[in-house]
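K.L.:
One letter stands for each residue in the lines below.
Number of protein chains: 2
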Amino acid sequence: MLPHRGWLFDLDGTVYRGPVLIPGAAETIAALRAAGRRVVFLSNKPLYSRVEYARTLTQLGIPARSDDIVNSSVVLARYLARQDPGAPLFVIGESSLVGELQAAGFETRPDEHVRWVVIAFDRTFDYAKLNTALQAVTRHGARLIATNPDRTCPVEGGEIPDCAGMIAAVEAVTGHRVEVVVGKPSPIILGEALRALDLPPDHCAIVGDRLETDILMGKAQGLGTVLVLSGITHPGDPRIAEVAPDVVLPSIRDVLVR
Amino acid sequence: MLPHRGWLFDLDGTVYRGPVLIPGAAETIAALRAAGRRVVFLSNKPLYSRVEYARTLTQLGIPARSDDIVNSSVVLARYLARQDPGAPLFVIGESSLVGELQAAGFETRPDEHVRWVVIAFDRTFDYAKLNTALQAVTRHGARLIATNPDRTCPVEGGEIPDCAGMIAAVEAVTGHRVEVVVGKPSPIILGEALRALDLPPDHCAIVGDRLETDILMGKAQGLGTVLVLSGITHPGDPRIAEVAPDVVLPSIRDVLVR
Chain A
1 MLPHRGWLFD LDGTVYRGPV LIPGAAETIA ALRAAGRRVV FLSNKPLYSR
51 VEYARTLTQL GIPARSDDIV NSSVVLARYL ARQDPGAPLF VIGESSLVGE
101 LQAAGFETRP DEHVRWVVIA FDRTFDYAKL NTALQAVTRH GARLIATNPD
151 RTCPVEGGEI PDCAGMIAAV EAVTGHRVEV VVGKPSPIIL GEALRALDLP
201 PDHCAIVGDR LETDILMGKA QGLGTVLVLS GITHPGDPRI AEVAPDVVLP
251 SIRDVLVR
Chain E
1 MLPHRGWLFD LDGTVYRGPV LIPGAAETIA ALRAAGRRVV FLSNKPLYSR
51 VEYARTLTQL GIPARSDDIV NSSVVLARYL ARQDPGAPLF VIGESSLVGE
101 LQAAGFETRP DEHVRWVVIA FDRTFDYAKL NTALQAVTRH GARLIATNPD
151 RTCPVEGGEI PDCAGMIAAV EAVTGHRVEV VVGKPSPIIL GEALRALDLP
201 PDHCAIVGDR LETDILMGKA QGLGTVLVLS GITHPGDPRI AEVAPDVVLP
251 SIRDVLVR
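Chains A and E supply the protein sequences, listed in that same order. Per this note's numbering, residue 1 is the first one in the first sequence, and the count goes up by one each step. Per this note's numbering, residue 1 is the first one in the second sequence, and the count goes up by one each step.
Only chain A is shown next, with the shape it has when bound in the complex (with noise of 0.2 Å):
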């Protein structure tokens, strides 16, 4: 077992893939909390709120509560609740999204009026609101924020439009750019995780598929660095070598024997 104190858990490809746990996920967790290390989990995607999420480890066998889990939805609320405290919203992004939002003190509504435009992975994204964005922006100012930046989602047996989609389109009718991106590869995601954690990043650990997020983002702010191939790298990426994890590893089964 690695000597960190916190470790970091992505979700999707390297504690389960689709609704199935991937073999030793709930062994390796419940041994690193046997041994005092302290266990976050990490997500990029929108979709659900951290109840849902601590529900669905729950009963694979991963006991969480929603403390536990760090999404792109609480960090975008906790991140522009710091910025602009209950500031008016347009929200491109489904119920879960706005739920957190508005339980961080936003007033949440569905025209123009408004100081920021919050752009989500949204599976009811449509001209409507693209052209409230538009308006937003043009006649009112305001500010464009995203959850994260992903192509699109990997689903069974395919992959299907994520939040760089309702990016490129709300950047290209109105011509700005979106000023933050708060998931992964952001550090803002990182330092809600750490904050959750209470606990230094020299002092913790990333577990994680991606090499383009969850490795170089860990990397970059000092913390230890495991890639995991049970999920979107192939063990002979060459882009493995580049970015350089400190531990390269078959699946979250093996961290126990590291």
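Hints listed in this document are in silico derivations from the structure and should not be mistaken for laboratory results. Wrong hints could be hidden among the right ones.
Pairwise CB distance ranges, derived in the manner of DEER restraints [claimed, not checked]:
1) E:Pro110 with A:Arg258: 49 to 59 Å
2) E:Gly158 with A:Gly99: 30 to 40 Å
3) A:Gly99 with E:Ala81: 46 to 56 Å
4) A:Met1 with E:Val180: 37 to 47 Å
5) A:Ala34 with E:Glu179: 38 to 48 Å
6) E:Pro235 with A:Val180: 48 to 58 Å
C-beta atoms are modelled at their ideal positions from N, C-alpha and C, and glycine is treated no differently.
Given chain A's structure and the hints, the job is docking chain E onto it.
P.N.:
Below, chain E alone, put in the same frame as chain A:
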């Protein structure tokens, strides 16, 4: 009157503004025609059929037949009919574009089993269409073609998202670039207009209100270029001197005086 035998007129901002004819437009077109000059009307907008455009112009006092209209829908249909006749298509676009493509012999499908994704200004754009485009490209190798590159479309009292939003969303999620955008400033739409006039470019003049589309496109192909200041371009715009149209006029009314 300038000596050109063929005349290409932009519509929005040049011939009319919203529902109202620009003063002198009907008289100018009538005088050109009376002097034996040939006239076509050019529009990047894929929202209306040529029949609808012809009817609108006729009602406004400029008699027109659908063959006098060259808009981005018909240009795309004709261009693609030369490249890949009868190909199955998925259309991000409205009904008049679908009708134009079907009339040109294409099979328009509601699913991903296609050779091309056609992207247009589409006020019914939504996540489901974006997803179908993604699946068509990633699973079936579909290619991308678009009607027009405009960021926004001017409307009464403001602007609404135009085709650039749909293009950007599809490019962002697929990771592929649109191969061809047929509308202004593409030489493809100009080629269709010259074919309709049956005249070589140096016998023609283009009259429009946009430097970056109408005027740049005309200059690049050797047409006479007439900028009118009745639309998007303001008299003090420093780009007028850069782009250097052959003639700058207050409005279409002044075409006869020159």
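K.L.:
All hints are to be evaluated individually against the structure, with a verdict given for each.
P.N.:
Structure-based check of all given hints:
1. E:Pro110 with A:Arg258: 49 to 59 Å: holds, 51 Å
2. E:Gly158 with A:Gly99: 30 to 40 Å: holds, 32 Å
3. A:Gly99 with E:Ala81: 46 to 56 Å: holds, 50 Å
4. A:Met1 with E:Val180: 37 to 47 Å: violated, 57 Å
5. A:Ala34 with E:Glu179: 38 to 48 Å: violated, 57 Å
6. E:Pro235 with A:Val180: 48 to 58 Å: For E:Pro235 and A:Val180 the Cβ distance comes to about 39 Å; the hint is violated.
Violated hints for the displayed structure, listed by number in ascending order: 4, 5 and 6.
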